[in-house]
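*Asks:* Given chain Y's structure and the hints, the job is docking chains H and S onto it.
Taken in order, these protein sequences are the chains called Y, H and S.
Position 1 of the first sequence, counting from 1, maps to 0 under numbering that gives the first Met the number 0, and the rest follow consecutively.
Position 111 of the second sequence, counting from 1, maps to 110 under numbering that gives the first Met the number 0, and the rest follow consecutively.
Position 77 of the third sequence, counting from 1, maps to 76 under numbering that gives the first Met the number 0, and the rest follow consecutively.
Among the hints, a few may not be true.
Under 7 angstroms between C-beta atoms, here's a sample of chain S residues computed to sit facing chain H [stated by the list, open to error]:
1) 85
2) 115
3) 117
4) 153
5) 155
6) 156
The hints are simulated quantities; they were obtained by calculation from the structure and are not laboratory data.
Just so we're clear, the structure is a prediction, and the values are computed from it rather than from any experiment.
Every residue, glycine too, gets a C-beta built ideally from N, C-alpha and C.
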Amino acid sequence: MTRRLFSFLLICVLAALPAMGARAQGAAMPGFAKLPPGARVVLMPMDVELFSISAGGILEPQAEWTQAAVRFLKDAYLGRKEDLKVDFSELDESADETIEDLNRLHGAVGAAINIHHLGMFKLPTKEGKLDWTLGAEVAALKARTGADYALFTFVRDSYATGERVAAMVVAALFGVGLGGGIQAAYVSLVDLSSGQIVWFNRLIRASGDLREAEKARESLNALLAGFPK
Amino acid sequence: MDRRRFLAGCGCCGLQGLAGFAVAAEAEAEADTGRWAMPPRLARPEQGTDEGGLWAFVDREEAKLRRSRFVLRDKALNDYLTGMACRLAGDHCPDIRVYVVRTPVFNASMAPNGMLQIWTGLLLRMANEAQLAAVIGHEIGHYVARHSLDRLRDAKSRSAFGQFLGIALGAAGAGGAASLAQLAVMASAFAYGRDHEREADRIGQELMARSGYDPGEAPRVWGQLLAEIKAEADWVGELEGRSVLFASHPHPEERMETLTARAAALRPLGAVTGEDGWRRSCGPYRRMLLEDELRRRRSGETLALLERMIAAEPADPELHYFRGEAYRQRGADGDYARALGAYADAEGLPAAPAELHRGRGMILQATGDEAGAAQAFATYVRRRPDAEDAALFQRHLNP
Amino acid sequence: MRSLALLPVVLILVACVNMVQVGPGEVPLGDRMVATPGLAWNKLQAPGMGRVELWTRDGFPLDTIRFFMGIKEGEPLVEQRGAKDKQVAKFRSGMQDREIVEMFEAAAADAGTVKIDRVAPANFSGQPGIRFEFTLTRKGDEVVVRGFGYATVRDGELFMAVFQAPRIHYFAKHAEAAEAMLGSVRFKAAGKGG
Chain Y
0 MTRRLFSFLL ICVLAALPAM GARAQGAAMP GFAKLPPGAR VVLMPMDVEL
50 FSISAGGILE PQAEWTQAAV RFLKDAYLGR KEDLKVDFSE LDESADETIE
100 DLNRLHGAVG AAINIHHLGM FKLPTKEGKL DWTLGAEVAA LKARTGADYA
150 LFTFVRDSYA TGERVAAMVV AALFGVGLGG GIQAAYVSLV DLSSGQIVWF
200 NRLIRASGDL REAEKARESL NALLAGFPK
Chain H
0 MDRRRFLAGC GCCGLQGLAG FAVAAEAEAE ADTGRWAMPP RLARPEQGTD
50 EGGLWAFVDR EEAKLRRSRF VLRDKALNDY LTGMACRLAG DHCPDIRVYV
100 VRTPVFNASM APNGMLQIWT GLLLRMANEA QLAAVIGHEI GHYVARHSLD
150 RLRDAKSRSA FGQFLGIALG AAGAGGAASL AQLAVMASAF AYGRDHEREA
200 DRIGQELMAR SGYDPGEAPR VWGQLLAEIK AEADWVGELE GRSVLFASHP
250 HPEERMETLT ARAAALRPLG AVTGEDGWRR SCGPYRRMLL EDELRRRRSG
300 ETLALLERMI AAEPADPELH YFRGEAYRQR GADGDYARAL GAYADAEGLP
350 AAPAELHRGR GMILQATGDE AGAAQAFATY VRRRPDAEDA ALFQRHLNP
Chain S
0 MRSLALLPVV LILVACVNMV QVGPGEVPLG DRMVATPGLA WNKLQAPGMG
50 RVELWTRDGF PLDTIRFFMG IKEGEPLVEQ RGAKDKQVAK FRSGMQDREI
100 VEMFEAAAAD AGTVKIDRVA PANFSGQPGI RFEFTLTRKG DEVVVRGFGY
150 ATVRDGELFM AVFQAPRIHY FAKHAEAAEA MLGSVRFKAA GKGG
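In isolation and in its complexed conformation, chain Y is listed as follows (with noise of 0.2 angstroms):
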């Protein structure tokens, strides 16, 4: 029961964000301005995938763009180390179990957020701030990369072939909306002292591409908009 509630909040999430106009939406915790400087930053294993979508409404999962988004969204943030006054460094491959434990819990915890606190079903008790958190157990994580926070990316995007274009418009002559590429992603930033989700930001939008270096940066802009610094 829960489970199908929880995918139905999801998808009814995620499809709404496109008719609402396309948009990032940032919050950060209370109270959080900024990060200190020279703060210590660890990227989290990046959860990309891309997709193309065929005249049939068909995702086809594109390989070679997933291996070129990751590694421009990689150089993108590296490239932000000065501007941003943030020490990035990226996690070694060897995730133990503790790290997989964090990281699961986190898309939990990313979850809980875009349902509740950026999507429709907004918590009374929380009164609009954003507070969550993923326990004292970030410790590990800590005490492992030596970090003061940690950086969790999230990107799922695809893409309309030329036929699928085509298809949209007729479609839409008879009153039918199909999608068309979108983009959705998160970021969230952890505070690895208490945990705390100190600085989250979505992009849910028909636009962007993360397929060629120039254009990644920009959604990473976009996504990275309002980082704290």
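*Replies:* Then chains H and S, alone, in the frame of chain Y:
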């Protein structure tokens, strides 16, 4: 990558004793049948191609699966199953990576990149190593014949694949975890057509014969599965029209006949069924898998499975106990009496599970025999004072 | 184009489904029970929820209390998609305590791998019933959650409340408040209707 090589390496090491035998069998089978030659190892396709996209995608799914909580990581079990897969796959051995996934459903699937998933519902249902070899040989058949590529290029399957990806997209925020729901849909996306199934059947049985497994186990596996599906349909009272197996696989009777005839024609070198290694490796998990099976509430299938297992091992008290549990939970007309009979069968054997007394107590209670129930519950709590539900029955100790 | 097509759907959702604050203080549960939580919770308000209520503090992916109020003879705890009638565990008014837990287990197994850690007699809403504890590895996101629930049968109907939250941080964060809240549940004095 390292881990992948490590896994494959292990499987091969474990097999060295068998290698000579396998080669002899292969030569014999070649001479005997001369119908089919194993294709060479598959090279990684170019990135920009559709096949390359498929591999890269499946690679990432595999990376998730490797970290999944639903994968059983017991080294002995994995080595054993990898050894079995390698024995069948011959030269392809280094390309195959086995994952045992805890899901109580009959299924195995081999992805185009060599990721071989074996679900625990399948392990529970196989009587011996040769039976599992029949299923895995079939999957290796799809793999070496690269059927998934045909599927990818076939428009109809693409919508199923798209559905899978739709779920992958919908799982926004799942923290990069493998989703079993995803894997299940992926399995159906790779549901092959009848011609592919026939070819995979043929390759699978050839591989069995070449590796010294009894190819006669292949029609037996299929017969067992059909019997379970029929038992479930009889119990539920409708035909399982939606079954993937009937939709995409060749006609059941025809398939049985073909498999049986081919088994007779293959005349393999030796005909190993491998009960001992099977019990040693999978035995420690049987109780957990039976508990998972009971929770599915597919009484028809479960009872058909248990009756088959009991026919093979009539002196195993655990099987009688689970048969009792299946009847008790189903609770149809006459089931309570059958359950009591099964508990009694278990009790008459050495090392019977103490839980049979709980089951008996519950039935006696339901049928109004308060005194009998109290006695049974007291026996249960005395034997399992640390059971998770002992507190429910504590009061029967001091009536 | 897409925006226009989706607009009605969005409007319906916004109009009918939302979260409302309940507590602290006395809160009706359906029309036959009340709870008296010590702090404020968020309740999902949606059409067609029937005799089920869903409450949360930090959001449904994190912590959830599910109330099942008045499950009748022959009804399942949770509808299971794709399952035939006889493949779903259903409530019987004469069910024994252990069978109620088995029914919960079968429903939970649909969501992942479940293990019952403890079952014991306990009062729920002022009458004899059970308390059970469990651990569940969710299929969807592989998060391990812990939980506990209470159940009792009254006039041949099942009343159950189940709390669950991720084993990391969230279970410990909410367990005490959830325990107190479930302990505060009572039947309304006036019986049925209301």
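*Asks:* Please go over all the hints and tell whether each is borne out by the structure.
*Replies:* Structure-based check of each hint:
With a cut of 7 angstroms, the hint placing residue 85 (chain S) at the interface with chain H holds, because the nearest CB-to-CB distance is about 5 angstroms. Taking 7 angstroms as the C-beta contact cut-off toward chain H, the hint placing residue 115 (chain S) at the interface holds, the least distance being around 6 angstroms. With its C-beta approaching chain H no nearer than about 5 angstroms, residue 117 (chain S) sits inside the 7 angstroms limit, and its interface hint holds. The beta carbon of residue 153 (chain S) comes no nearer than 19 angstroms to any beta carbon in chain H, farther than 7 angstroms, and the hint placing it at the interface is violated.
The beta carbon of residue 155 (chain S) comes no nearer than 15 angstroms to any beta carbon in chain H, farther than 7 angstroms, and the hint placing it at the interface is violated. Checking residue 156 (chain S) against chain H by beta carbon gives a least distance of about 19 angstroms; that is not within 7 angstroms, so the hint is violated.
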